[in-house]
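Chemist: Full structure from sequences and hints, please.
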Amino acid sequence: MSSITYLEAIRLAQQKALKEDPRVFIYGQDIGVFGGAFKATKNLAKEFPGRVLDAPISEDAMVGLAIGAAIEGMRPIVEMQFADFSTCGFNQIVNQAATLHYRTGTPCPIVVRLPSGGTPGSGPFHSQSMEAIYAHYPGLVVMTPATVEDAYTMMLEAVALEDPVIFCEHKFLYYHLKAEKLPKFPGEELPFGKARITRPGRDATVVAYSAMVHEALAAAEELTQDGYDIEVVDLRTVRPIDTDTILASVARTGRLLVVGEAWPWGGVAAEVVARVATEGFGLLDAPPQRLNAKETPVPYHPALWGTHRPTASSVANSLRQLLEL
Amino acid sequence: MTKAKSPKTKGSQEKSSAGATAGVLTGELARRAYRTMLEARLLEEKLAALYRSGKIVGGVFLGRGQEALSVSLGVHLRRGDIFAPLIRDQAGRLAFGDTILDTLRTYLGSSLGSMRGRDGNIHRGRPSEGYHAMISHLGAMVSTVCGSLVAKRFRGEKGTVGATCIGEGGTSTGSFHEGMNMAAVEKLPLIVVVANNQYSYSTPNDRQFACSDLLAKAAGYGVQGHRAVGNDLVDCLTVIGEAVAAARRGEGPQLVVADLLRLVGHGEHDDASYIPEALKKSPLGQDCLELAKQSLLEHDWLSEEEAVSWHKAVEKEVEETASKVLREPAPDPTEEDWNAFASLGRNL
Numbered sequence: 001m002s003s004i005t006y007l008e009a010i011r012l013a014q015q016k017a018l019k020e021d022p023r024v025f026i027y028g029q030d031i032g033v034f035g036g037a038f039k040a041t042k043n044l045a046k047e048f049p050g051r052v053l054d055a056p057i058s059e060d061a062m063v064g065l066a067i068g069a070a071i072e073g074m075r076p077i078v079e080m081q082f083a084d085f086s087t088c089g090f091n092q093i094v095n096q097a098a099t100l101h102y103r104t105g106t107p108c109p110i111v112v113r114l115p116s117g118g119t120p121g122s123g124p125f126h127s128q129s130m131e132a133i134y135a136h137y138p139g140l141v142v143m144t145p146a147t148v149e150d151a152y153t154m155m156l157e158a159v160a161l162e163d164p165v166i167f168c169e170h171k172f173l174y175y176h177l178k179a180e181k182l183p184k185f186p187g188e189e190l191p192f193g194k195a196r197i198t199r200p201g202r203d204a205t206v207v208a209y210s211a212m213v214h215e216a217l218a219a220a221e222e223l224t225q226d227g228y229d230i231e232v233v234d235l236r237t238v239r240p241i242d243t244d245t246i247l248a249s250v251a252r253t254g255r256l257l258v259v260g261e262a263w264p265w266g267g268v269a270a271e272v273v274a275r276v277a278t279e280g281f282g283l284l285d286a287p288p289q290r291l292n293a294k295e296t297p298v299p300y301h302p303a304l305w306g307t308h309r310p311t312a313s314s315v316a317n318s319l320r321q322l323l324e325l
Numbered sequence: 001m002t003k004a005k006s007p008k009t010k011g012s013q014e015k016s017s018a019g020a021t022a023g024v025l026t027g028e029l030a031r032r033a034y035r036t037m038l039e040a041r042l043l044e045e046k047l048a049a050l051y052r053s054g055k056i057v058g059g060v061f062l063g064r065g066q067e068a069l070s071v072s073l074g075v076h077l078r079r080g081d082i083f084a085p086l087i088r089d090q091a092g093r094l095a096f097g098d099t100i101l102d103t104l105r106t107y108l109g110s111s112l113g114s115m116r117g118r119d120g121n122i123h124r125g126r127p128s129e130g131y132h133a134m135i136s137h138l139g140a141m142v143s144t145v146c147g148s149l150v151a152k153r154f155r156g157e158k159g160t161v162g163a164t165c166i167g168e169g170g171t172s173t174g175s176f177h178e179g180m181n182m183a184a185v186e187k188l189p190l191i192v193v194v195a196n197n198q199y200s201y202s203t204p205n206d207r208q209f210a211c212s213d214l215l216a217k218a219a220g221y222g223v224q225g226h227r228a229v230g231n232d233l234v235d236c237l238t239v240i241g242e243a244v245a246a247a248r249r250g251e252g253p254q255l256v257v258a259d260l261l262r263l264v265g266h267g268e269h270d271d272a273s274y275i276p277e278a279l280k281k282s283p284l285g286q287d288c289l290e291l292a293k294q295s296l297l298e299h300d301w302l303s304e305e306e307a308v309s310w311h312k313a314v315e316k317e318v319e320e321t322a323s324k325v326l327r328e329p330a331p332d333p334t335e336e337d338w339n340a341f342a343s344l345g346r347n348l
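Protein chains in written order, with this note's numbering: chain A, 1 to 325; chain B, 1 to 348.
Accuracy of the hints is not assured; some may be wrong.
Derived list of chain A stretches under chain B, where covered just means 3 residues or more per stretch with a C-beta under 8 angstroms from a C-beta of chain B [claimed, not checked]:
1) 137–146
2) 157–165
3) 197–211
4) 253–265
Sample of chain A residues with no beta-carbon within 12 angstroms of chain B, all distances over it, derived [as the list claims (entries may be wrong)]:
5) 39
6) 46
7) 227
8) 278
9) 287
10) 289
11) 314
If you are wondering where the hints come from, they were derived from the structure by calculation, not from laboratory data. Glycine included, C-beta positions come from ideal geometry on N, C-alpha and C.
Modeler: Spelled out as structure tokens, the structure:
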């Protein structure tokens, strides 16, 4: 039986968007004939002549171009070669795309794809998780799909939304994660902005997103040996953040651990903890906890990298501590 | 501070304005341009007065001395074109279709203005009508206009152009460079007008760039370059007219550089004491509005009587519009939807 990778799901979603919506075009470095650094646009330039365009190494202008095209009614998708390089387009994203609708009433429907997160050997400049910094800015939707099906569904949602979307696709999941088939009716299972209870449980809630969902699931599995039943919530989008689903889960379990691959300072995990502490304090049987990357740049060597980021084993340890509080 | 004009850069594609544009400039166009310059000048004088009396908050940024250059771009654009003006482009904005009314509304924060009190002063526009609303970050609008032109190309539209303005200081930004290079790669019908007003806020050109002539950048980007005398309306109309026509003909991006002097501070809070008297008294410091009037009189395109009656009429319109806008409602924080998102009709 054939299987579809997370990366292929993103490629297929873009293909579907190009096919069904003449307003869609893709712009990025090496994405044309070459098919992209990760091949997320493989064969698309050939299939859709003139609509999958190589860009100069100009992240600021790439986003600026997308904004101008969106103003004129197009639905551009910008591929950053790595999430890390989106810092060079940061100004256009946060100051122009994010403010346009509020200031002028003209929507800015662009999608900026960010190949995100760490893989062994990628080092400080090809490993970053940028979701928190973009989610900070009102006006930006930030998506962090953790499954093949979500990568597909949410890419199509991103193109359809009227707002600028930062699409954080995890490079570690590109090839490892596979599904047998893609949803026939994307978006039918869950509406945009809704978190998923990936694994129901009763003893503690782990809130995670993107690649960390899989570390959390492995940790939950490990803890079954200790007799614990852990609930795992996949945020899916970090902005909007589905506080209702999180609070409902904490109401069932009484304990919260939030896991993020990014740094803790002012991050998504901090935001979840703050929301639960302020809106659901009475639901908690123990202080809410978070587990993030170590507070250094992302290291190069696999041994250092594997310790820098949360893993199934460090999530399991954090859970054991939480369950004893 | 004035930079010596360098000989033409070898290999540059600079076009001479003389003789290349016969037939572009008409008395009618010059009259419209002058009238709009006058509107911009008198409107800005009112804005300054409103600022000094505390009616305008934040800042007021005037284009005094740059009206000839700015208006020359505005009058050569038409409906369907894209225009992203910058801070000293009141004249170009009015020529493109912005109004005295909406300018006053935006500066005074009227809830009836296009920005509804959510943004102010020069940060205004109607993007859905091709009139982009600048952000403060210099150079950013170059690529944005490129994007709108790419959209038009996707739609198969021909003959429309996009234009943006910037100062010499803005040419130091990465955004300017990226946008120019991108426009050249995509061969877009983009006109970029650089007003070299010698000072970026207070910083003189010798602390801003080291090239002897900003127009040399045109060759570096592989685009056509044009030089205009920034305070000479007839020259600006001629040169920019040719640049816009070239872009419309499909000859790709056009870079226009004009030397001039800002005759006010960076904003009304700034007395511009850093500009030497000698420079103010040099030909560069001559007021383009005065020069334009003389030129139109000499060409017999305008009479003294008309000049006086236009002045009175514009003054009256500005005064009456300001009085009206001062009575308009300010935005009400309790009615504001406080929503930065477009998709779901609620904040996310």
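Chemist: Against each hint, give a clear statement of whether it holds in the structure.
Modeler: To see whether the hints hold, each was checked on the structure:
Chain B is given as covering the stretch 137–146 of chain A, and this holds because 3 residues of the stretch bring a CB closer than 8 angstroms to a CB of that chain, at least three being needed. Under a criterion of three residues with beta carbons nearer than 8 angstroms to beta carbons of chain B, the stated coverage of the stretch 157–165 of chain A is upheld, 3 such residues being counted. Taking a C-beta to C-beta cut-off of 8 angstroms, the stretch 197–211 of chain A contributes 0 residues in contact with chain B, too few for the three needed, and the coverage statement is violated. Counting residues of the stretch 253–265 of chain A whose CB falls under 8 angstroms from any CB of chain B gives 0; the rule of at least 3 is not met.
Once the 12 angstroms rule is applied to beta carbons, residue 39 of chain A is consistent with being away from chain B; the minimum gap is 24 angstroms. The Cβ of residue 46 of chain A lies farther than 12 angstroms from every Cβ of chain B, with a closest approach of about 18 angstroms, so its non-interface assignment holds. No beta-carbon of chain B is positioned within 12 angstroms of the beta-carbon of residue 227 of chain A; the least distance is around 39 angstroms. Residue placement check: residue 278 of chain A keeps its beta carbon more than 12 angstroms from all beta carbons of chain B (closest about 17 angstroms).
Remark: the non-interface label on residue 287 of chain A is consistent with the geometry, its nearest Cβ contact in chain B lying 28 angstroms away (cut-off 12 angstroms). The claim that residue 289 of chain A lies off the interface holds: its Cβ sits roughly 26 angstroms from the closest Cβ of chain B, which is beyond the 12 angstroms cut-off. For residue 314 of chain A, the non-interface assignment is confirmed: its Cβ lies about 31 angstroms from the closest Cβ of chain B, beyond the 12 angstroms cut-off.
Of the numbered hints listed earlier, those contradicted by the structure are 3, 4.
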